[in-house]
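> Okay, here's what each chain looks like letter by letter:
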Amino acid sequence: MSSRKIIGAVFIIGAFAGGLYLGSSQNAVPVITNSASGASYGGGYDKSADKDVQQSGKTSAVAERTVVGKTHIVNDGDTIMAAVQAAKPGDTIQVMPGTYHETVYIDKDDIRIIGVIKEGKRATLDGKGILNDAFLYSGNNFVVENFLITKYKGNGVMGQAGNNFEIRNNIIVDTGVYGIFPQLGKNGIVEYNVISGIEDADIYVGMSDNIHVAHNDVFDNVAGIEIENSRHAIVENNNVYNNTGGILAFITPGLPIKTTYDVIIRNNFIYNNNHKNFGAPGSMVGSIPAGTGILIMASDDVIVENNIITGNKTVGILITDHENAPGVTIDPESDPSPDGIKLLNNLMHNNGYDTIDDIKALMLTEFKQGSPDIVRVGSSRDSCIINRHRYVTVGVNSWQECEFTNTDSIDTYLLDEPVPPRIIDPSERGKVVYNGVCAGCHTYTGRMIGPPIQIIQALYMDNPQGIADYIASPIKKRADYPEMPPQNYLDEKTRLATAKYLLERTK
Amino acid sequence: MNSFLFFFGIFFRTLFQKANFALPAFCLFFILSASATEAAATYQQCIACHGEQGQGNRQLKAPVLAGQSAKYLTRQLVNFKVGLRGSHEKDTLGKQMQVLSKQLVTNKDVTSVTAYLSKLPAVKISQISSGDLKNGSRYYQGKCGACHGGQAQGNPAFNAPKLSGQHSDYLKRQMLNFSTGIRGTHSDDKLGRQMAMMAKTTSGKELDDILHFIAMQD
Numbered sequence: 001m002s003s004r005k006i007i008g009a010v011f012i013i014g015a016f017a018g019g020l021y022l023g024s025s026q027n028a029v030p031v032i033t034n035s036a037s038g039a040s041y042g043g044g045y046d047k048s049a050d051k052d053v054q055q056s057g058k059t060s061a062v063a064e065r066t067v068v069g070k071t072h073i074v075n076d077g078d079t080i081m082a083a084v085q086a087a088k089p090g091d092t093i094q095v096m097p098g099t100y101h102e103t104v105y106i107d108k109d110d111i112r113i114i115g116v117i118k119e120g121k122r123a124t125l126d127g128k129g130i131l132n133d134a135f136l137y138s139g140n141n142f143v144v145e146n147f148l149i150t151k152y153k154g155n156g157v158m159g160q161a162g163n164n165f166e167i168r169n170n171i172i173v174d175t176g177v178y179g180i181f182p183q184l185g186k187n188g189i190v191e192y193n194v195i196s197g198i199e200d201a202d203i204y205v206g207m208s209d210n211i212h213v214a215h216n217d218v219f220d221n222v223a224g225i226e227i228e229n230s231r232h233a234i235v236e237n238n239n240v241y242n243n244t245g246g247i248l249a250f251i252t253p254g255l256p257i258k259t260t261y262d263v264i265i266r267n268n269f270i271y272n273n274n275h276k277n278f279g280a281p282g283s284m285v286g287s288i289p290a291g292t293g294i295l296i297m298a299s300d301d302v303i304v305e306n307n308i309i310t311g312n313k314t315v316g317i318l319i320t321d322h323e324n325a326p327g328v329t330i331d332p333e334s335d336p337s338p339d340g341i342k343l344l345n346n347l348m349h350n351n352g353y354d355t356i357d358d359i360k361a362l363m364l365t366e367f368k369q370g371s372p373d374i375v376r377v378g379s380s381r382d383s384c385i386i387n388r389h390r391y392v393t394v395g396v397n398s399w400q401e402c403e404f405t406n407t408d409s410i411d412t413y414l415l416d417e418p419v420p421p422r423i424i425d426p427s428e429r430g431k432v433v434y435n436g437v438c439a440g441c442h443t444y445t446g447r448m449i450g451p452p453i454q455i456i457q458a459l460y461m462d463n464p465q466g467i468a469d470y471i472a473s474p475i476k477k478r479a480d481y482p483e484m485p486p487q488n489y490l491d492e493k494t495r496l497a498t499a500k501y502l503l504e505r506t507k
Numbered sequence: 508m509n510s511f512l513f514f515f516g517i518f519f520r521t522l523f524q525k526a527n528f529a530l531p532a533f534c535l536f537f538i539l540s541a542s543a544t545e546a547a548a549t550y551q552q553c554i555a556c557h558g559e560q561g562q563g564n565r566q567l568k569a570p571v572l573a574g575q576s577a578k579y580l581t582r583q584l585v586n587f588k589v590g591l592r593g594s595h596e597k598d599t600l601g602k603q604m605q606v607l608s609k610q611l612v613t614n615k616d617v618t619s620v621t622a623y624l625s626k627l628p629a630v631k632i633s634q635i636s637s638g639d640l641k642n643g644s645r646y647y648q649g650k651c652g653a654c655h656g657g658q659a660q661g662n663p664a665f666n667a668p669k670l671s672g673q674h675s676d677y678l679k680r681q682m683l684n685f686s687t688g689i690r691g692t693h694s695d696d697k698l699g700r701q702m703a704m705m706a707k708t709t710s711g712k713e714l715d716d717i718l719h720f721i722a723m724q725d
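In order, the protein sequences belong to chains A and B.
The first sequence begins at 1 in our numbering and counts up one residue at a time.
The second sequence begins at 508 in our numbering and counts up one residue at a time.
Just so you know, the hints here were simulated from the structure itself, not pulled from any lab data.
A portion of the hints provided could be inaccurate.
Think about it this way: if two alpha-carbon atoms lie no more than 30 Å apart in a straight line, the pair counts; the simulated BS3-like pairs of lysine-lysine are [stated by the list, open to error]: (1) A:K507 - B:K679; (2) A:K431 - B:K707; (3) B:K631 - A:K507; (4) B:K631 - A:K500; (5) A:K507 - B:K697; (6) A:K477 - B:K631; (7) B:K697 - A:K477; (8) B:K712 - A:K507; (9) B:K679 - A:K477; (10) B:K707 - A:K477; (11) B:K707 - A:K258; (12) B:K697 - A:K431; (13) B:K707 - A:K476; (14) A:K493 - B:K697.
Just a few of them, taken from the derived set where beta-carbon distance is under 8 Å, the chain B residues facing chain A [claimed, not checked]: (15) S637; (16) K641; (17) R645; (18) Y646; (19) Q648; (20) G652; (21) A653; (22) C654; (23) G657; (24) A664; (25) R700; (26) M704; (27) M705; (28) T708; (29) G711.
Since this is a predicted model, take the numbers as computed values, not measurements.
Backbone N, C-alpha and C fix where the C-beta goes; we use that ideal spot for every residue, glycine too.
Model the full assembly from the supplied sequences, consistent with the hints where possible.
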């Protein structure tokens, strides 16, 4: 018997049935709620409780410049990296149209790299299928705009523990694993980017806080937009189509930061996300059923509002706990249940028209047929929905009516003032790199992009130098895993510190 | 007879004339055939337990050998011979293998018989296993697949043997051996220690589900 066929089984029906409440009000007159007149969401992010926040009335993610720095011009034939090396904090780098074949590392604060668009011609970073990353930044107050990025194997733009960032107006095509990937960042904007052809996530917000993802055009990827192990994020006004899964808010078990909560997904077009899953088989992302509009896994307090969700063949919105999700290991330190999910008005139409057998079976437990818009499987506490009668649903009969109908009172979760630069004690260098770099692809126990840390620990045991040497110049050893990019931009001491930290992890 | 020799002579000369390497290649063929025959003969002492086709014998607790990598089989035979495996007092089956392995000469019998076994076609065995395949898949991928391959096909880059097509009860016995210190403890057995470290991370139903997943691989 082919295991792959069976692995297609997504849900444990028994577990679902255990949490099922066959509501008695199925045939009652529905409660119609007008979202224009209801209360606005009052929960969410409390800025006054955040020690990083200085209160004022400003709204940009990066620090306002009080002194204008130097502007460096990069012409076709020069390298952007040389300009970054010459730049000081506060400087701007303008990159003229042309083709640049390089990886740009930015470890200084307050650098802005702006592509100059001249009559439609952009500064193009072309990895030619050889290089791994276009932009890797670890500095704070970083801005990157207006580039065309293509043919990299790893990331288009990756943040590694940089706070206060703005990534906008970039076109990113066929760049390997992640298009835009801020990792371990606080207070950042990802907007007006066009991204496609990524084998994991187009926009992957990883272990970050206070993020605004808006006005992006996201298509032809495995995952469109991921909010993963992150808090206080708004995903709005994006055009998300023809991915395997459209917008995802979830907890990946085994990462150093264990929670995702307080996420608003609103005003997005999320349609026809039916692309064949081309993620690595056996990986978490490789297990997303094609045709999933929104996936909420184990995240708490996720609000879904005013999206247009159509033509997603498996389901419009899928809400699951860890236990019932395929390819996901359990992390005892992460709450596996999606609690406090709030489904407000959404236009849902023609979803679930070719759904998977497991969902059909779930529907039968509620004596339902048809094409499912909303499916909840596994446990979920304190969740609510309005106007549920509009949709074909499974598993939400027991949910409360929401006490509010909109999120109009929340414009942004960005901070009024940029957060101060991260102060890294030299003794914590290994930890910061582990969290900011390694955890982008490796979880402790599960298969993400790279092999689990636990396995690396077994392979290397008491040999941190072996890891430090390997990550500087990795060799592909696993046919079914992407090739690891070299981390040789980290100095030897840092690599060794990271390796030692990695070997000490227990979760 | 004469005509045969004549024909053979012409054939030989033609080959030699057509390509300089033809003669060595031809000789090599004979040598390999001879060694394959020798290896098959050497293997005769193993078939009582491991079967004529290397298919193993569940009742005798003898694992499948056919189609396993020669490198892995060689390492295990040598480990038995030098005592890295099968020395623990509770490892009764390992002790049996230690005795038998000592009848083989390392650089001759061992290498030839393992090469022979690795080339035997994989044998379809009847698996006795049950479990939760979805759970088995997630934990197999989380704990095993990064070394043993996504479909348990093995990965020489990690010296990780093929697990698919192996008796589940053999795999379970070895997992328990690894996790309880019967196997993979010797300081010279680095690969065994790696496996022991991972074996300690799973047990009970989770392990059974993983084994079920492996049993379901082609």
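> Next, verify each hint and record whether it holds.
These are the hints, each one checked on the structure:
no.	hint	verdict
1	A:K507 - B:K679	holds (25 Å)
2	A:K431 - B:K707	holds (26 Å)
3	B:K631 - A:K507	violated (39 Å)
4	B:K631 - A:K500	violated (44 Å)
5	A:K507 - B:K697	holds (24 Å)
6	A:K477 - B:K631	holds (28 Å)
7	B:K697 - A:K477	holds (19 Å)
8	B:K712 - A:K507	holds (21 Å)
9	B:K679 - A:K477	holds (26 Å)
10	B:K707 - A:K477	holds (24 Å)
11	B:K707 - A:K258	holds (24 Å)
12	B:K697 - A:K431	holds (27 Å)
13	B:K707 - A:K476	holds (27 Å)
14	A:K493 - B:K697	holds (26 Å)
15	S637	violated (13 Å)
16	K641	holds (6 Å)
17	R645	holds (5 Å)
18	Y646	holds (6 Å)
19	Q648	holds (4 Å)
20	G652	holds (6 Å)
21	A653	holds (3 Å)
22	C654	holds (6 Å)
23	G657	holds (4 Å)
24	A664	holds (4 Å)
25	R700	holds (7 Å)
26	M704	holds (4 Å)
27	M705	holds (5 Å)
28	T708	holds (6 Å)
29	G711	violated (14 Å)
Of the numbered hints listed earlier, those contradicted by the structure are 3, 4, 15 and 29.
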